[in-house]
Amino acid sequence: MTTARGISGGSRAAFWTVFAIPAVWMLAFFVVPLSIIWAYSFGRTLGLTEVVVTGTPDNYARVFDPVYLYIFAKSLVFAGATTAICLIIGFPYALVMTFASTRAKILLLLAIMLPFWTNLLVRTYALMAVMRTEGWVNEAFGVIGLGPFEMLHTNFAVVTGLVYVHLPFIVLPLFSTLDRLDRSLIEASLDLGAGHLRTIFQVVIPVVWPGILSAVLLCFIPALGSYLTPDLLGGPDSQMIASVIERQFKRANDWPFGAALSFMLMYLTLAAMAWRALAERRAAVRDLR
Amino acid sequence: MLIRFENVTKRFGSFIAVDNVSLDIAVGEFFSLLGPSGCGKTTLLRMLAGLETPSAGRILIDGVDMAGVPPNRRPVNMVFQSYAVFPHMTVADNVAYGLKIDRVPRAERDSRVAEALALVKLDDFAHRRPDQLSGGQRQRVALARALVKRPKVLLLDEPLSALDAKLRDAMRGELAAIQREVGVTFVMVTHDQDEALAMASRCALMNRGTLQQVASPGDLYEFPANRFVADFIGTINLFEATLAVDETDHAIVRTPALDAPVYLGHGVTGATGAQVWVGIRPEKITMTPADAPRPAGPAAMPHANRTPGTIMTSAYLGAVTLYDIHTSGGTLIKVTAPNGTRSASPALPAGTQVWLHWEPDAPVMLLA
Amino acid sequence: MRLFARKRGDAGPLDYAGRWSLRSWVAVVLVFQYLPLASLVLFSFNNSKRTIRWEGFTFDWYGRLASDDALIGAFANSLTIAAISTVFSVLLGTMAAIALWRFRFPGKGVFDGVITLPIVIPEICMGVAMLVFFGTVAPWPRDLVWPLDLGAITIAHITFSFPFVTVVVRARLASFNREMEEAARDLGASELRAMRDVLLPHLRPALIAGALLAFASSLDDFVITFFTAGPNTVTFPVKIYSMVRFSVTPEVNAASTVLMAITIALTLVGMKMQGTDIASTESP
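Protein chains in written order, with the numbering used here: chain A, 1 to 289; chain Y, 290 to 657; chain G, 658 to 941.
Simulated from the structure, these hints should not be mistaken for laboratory data. Take these hints with a grain of salt, some might be off.
[Said to hold, decoys possible] Simulated crosslink set (EDC-like; lysine to aspartate or glutamate; CA at most 20 Å straight-line):
{"id": "1", "chain 1": "G", "residue 1": "K706", "chain 2": "A", "residue 2": "E134"}
{"id": "2", "chain 1": "A", "residue 1": "K105", "chain 2": "G", "residue 2": "D672"}
{"id": "3", "chain 1": "Y", "residue 1": "K573", "chain 2": "Y", "residue 2": "E648"}
{"id": "4", "chain 1": "Y", "residue 1": "K623", "chain 2": "Y", "residue 2": "E511"}
{"id": "5", "chain 1": "Y", "residue 1": "K623", "chain 2": "Y", "residue 2": "D548"}
{"id": "6", "chain 1": "Y", "residue 1": "K410", "chain 2": "Y", "residue 2": "D453"}
{"id": "7", "chain 1": "G", "residue 1": "K706", "chain 2": "A", "residue 2": "E139"}
{"id": "8", "chain 1": "Y", "residue 1": "K573", "chain 2": "Y", "residue 2": "D650"}
{"id": "9", "chain 1": "Y", "residue 1": "K441", "chain 2": "Y", "residue 2": "D391"}
[Unchecked claim] Not the full set, but computed from the structure, chain G residues with beta-carbon under 10 Å of chain A:
{"id": "10", "residue": "L748"}
{"id": "11", "residue": "L749"}
{"id": "12", "residue": "P763"}
{"id": "13", "residue": "V777"}
{"id": "14", "residue": "I778"}
{"id": "15", "residue": "I781"}
{"id": "16", "residue": "F819"}
{"id": "17", "residue": "Y898"}
All residues carry an ideal CB built from backbone N, CA and C; glycine is no exception.
The shape of chain A in the complex, shown without the other chains (with noise of 0.2 Å):
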């Protein structure tokens, strides 16, 4: 049953039935918007919110300006800290979720989604009560004699906080990678002498590297664009590129360059993506041979 126009696996009716209505939708939804958008960063801005496309870089020669240059190198530190710290907590919780009984294992996996499925303001917020100079955690330092600290407002508080938010988006992955490894390679590694350690560096992720990668954006990309967290949980020194874009177009009203700004941030997203794609294709081409 394939028509004329190239389209097979089915009549044409039924095709048109099912593809139209969400083409439609993305295209006016989302291509259009993020088009307008893109369009905008080659733009200046003329009164309030009108805008005219000239065609100009100066949007993006501006994103060089060293003051936001420092801004991405900080959103990239601060996303790189946070996942660098999200595995490291992670991974052992992942490790421990594999080899547990199955019904630890539904009950590790619950304890894990429930945050992830909570509201991100609502756990921001729990984070800053906790944080405050007047909160639980500095009143446990005031019993030991410490404190209190200064921690909310801090790039510390922010580094923490996207932590905290993240640390389910790496877990996921992570158990699934692990789960489907062979169990007797660990086995064999400790039969030949191996002690655990041993067998978990040499071993276990090398094998499962390619699931670590996955893992690994998978929270690098939502940490680098995180907004909710900087805001709430930073001080004045601890902006990252979100608040940056959010000031240009709610505040300062400098619309194409908050455009230039975005799509920077969307080029960095999937340059990291295209890196993975890369990654996963030699991986592939390694099996195949």
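Start from chain A and add chains Y and G according to the hints.
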């Protein structure tokens, strides 16, 4: 004794995988743990490797109690069922892995790796990656990787199960040859009796966590300890019977399944009148046409060890033909007849009347 | 932690879940994840303006929530948007999944890529795109009656939710045996009829998972809504955000607790409805 299991029990929750097993294995043996799936043989092997910990009992290797000794400190190495060849290392790196851990100096390591690869005929594959190897080659890598450490015991978990039939036959001979060459004690788990009988010097047959019989392959087949063993190894016709006469040089057993008594040419241990089982293997029964002279029984009891019957079905298997024969006693008996000459119609047709008879040392009497 | 309690005596070397070091690691992770949330819930019942010392149990803060018209309005908005967005997301998401699974067509790769983009691009990028689109290019009419005035937000929510449904449904479709559909056709069903009778029942668990995912992500969203919302179309998270900016108060605790309770209930219902395979559809 190189390996000693002393009253070893392993429970998983309420399931008893291994139930109070005691077993000795000597240096240089090719020992096989045989049994149906779930009988505990793999658990026993894994406890020897240290991959499971016994719930009760002791395991000694070379006189040393292995309790608390982790797998990486035991003088045993294992060939895993899935081979567990590390996919991110070359063949040579896989084989060298254990030696690196033992900090064997580089020169010695290289020569031992080369030697091990030569032993399993993989010399030319040293720098290949595992995903470029066939299943049989991966298994050789696993074997070389374990043997290169010169373990006191090599453990093999279903080593041939993942190979195709032709390769399996070839590997059988080769594994036995390698064992003779290196002289290391092999302990192999298998569910395939042919594998165990062909390769092992001694077998332990297990069922439901307990040892049924530990014996040479020949003894396992010819002198089974109980019905389970008799039935698991090969094919056997088993009849419930009563022990009628028990003398030092012969015994007589009566069974409702057969018209004639069964005469055994040796004494047995059992009280007269006891409920026993008698078994006769299909190839130990001779079949003659009904119109030929009636076969004579043992001199002491001419009417014993023979029964008339009718062929119900036949299955031509090439080397032999397998018949299901309905006896006048009302039971089905399996009989194999060798196809000694070529013939256009190698099987007798259904409905043919025949006589079955057997020698006094053919049947085996079982107490349990 | 009783759960992992097993007789240490006969644990094997791979029993990582039974090792003390790893168990305490897990315990610390869970304390880190749950302590802030637990303290948030606890102090929503505290009989004091301060949220640090326990002064006795009260429902007062919940009472105040109930009498705060703006908050109730925002709450109603959120649930309405989530409900509408879920229905549309499941419909659109399933259609797109079937189109991608079943058909080959020119531009399939592009369609596939575009539909995955909303999942991966940073929320802020989509937020500003929606701001510009509904702000100047295609302004949503200002003074429509409720709930039509929520249109812009709802459309934005559908746009970022339905690709999630597509991912989940597509994963499920991979396990569909095409011969079942062919059997239905062989027995006389039309193409669409066969899809409805055979394919949809197979997809049920994925549809449930997708619906939950769409509902939760709509209810959860702050960033995109923040950019799309007008002064009169405030959702619950946006409202809470404006309260949070001021300070930590028991009212916010109570409001957050309500939101959390909804999420937990949804998660548990979802898990109950389809075992644990939410997890497997969740991780891409």
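A quick look at each hint next to the structure:
no. : hint              : verdict
1   : K706(G) - E134(A) : holds, 13 Å
2   : K105(A) - D672(G) : holds, 13 Å
3   : K573(Y) - E648(Y) : holds, 8 Å
4   : K623(Y) - E511(Y) : holds, 17 Å
5   : K623(Y) - D548(Y) : holds, 16 Å
6   : K410(Y) - D453(Y) : holds, 19 Å
7   : K706(G) - E139(A) : holds, 17 Å
8   : K573(Y) - D650(Y) : holds, 9 Å
9   : K441(Y) - D391(Y) : holds, 15 Å
10  : L748              : holds, 8 Å
11  : L749              : holds, 5 Å
12  : P763              : holds, 5 Å
13  : V777              : holds, 6 Å
14  : I778              : holds, 6 Å
15  : I781              : holds, 4 Å
16  : F819              : holds, 7 Å
17  : Y898              : holds, 6 Å
Of the hints listed earlier, there is not a single one the structure fails to meet.
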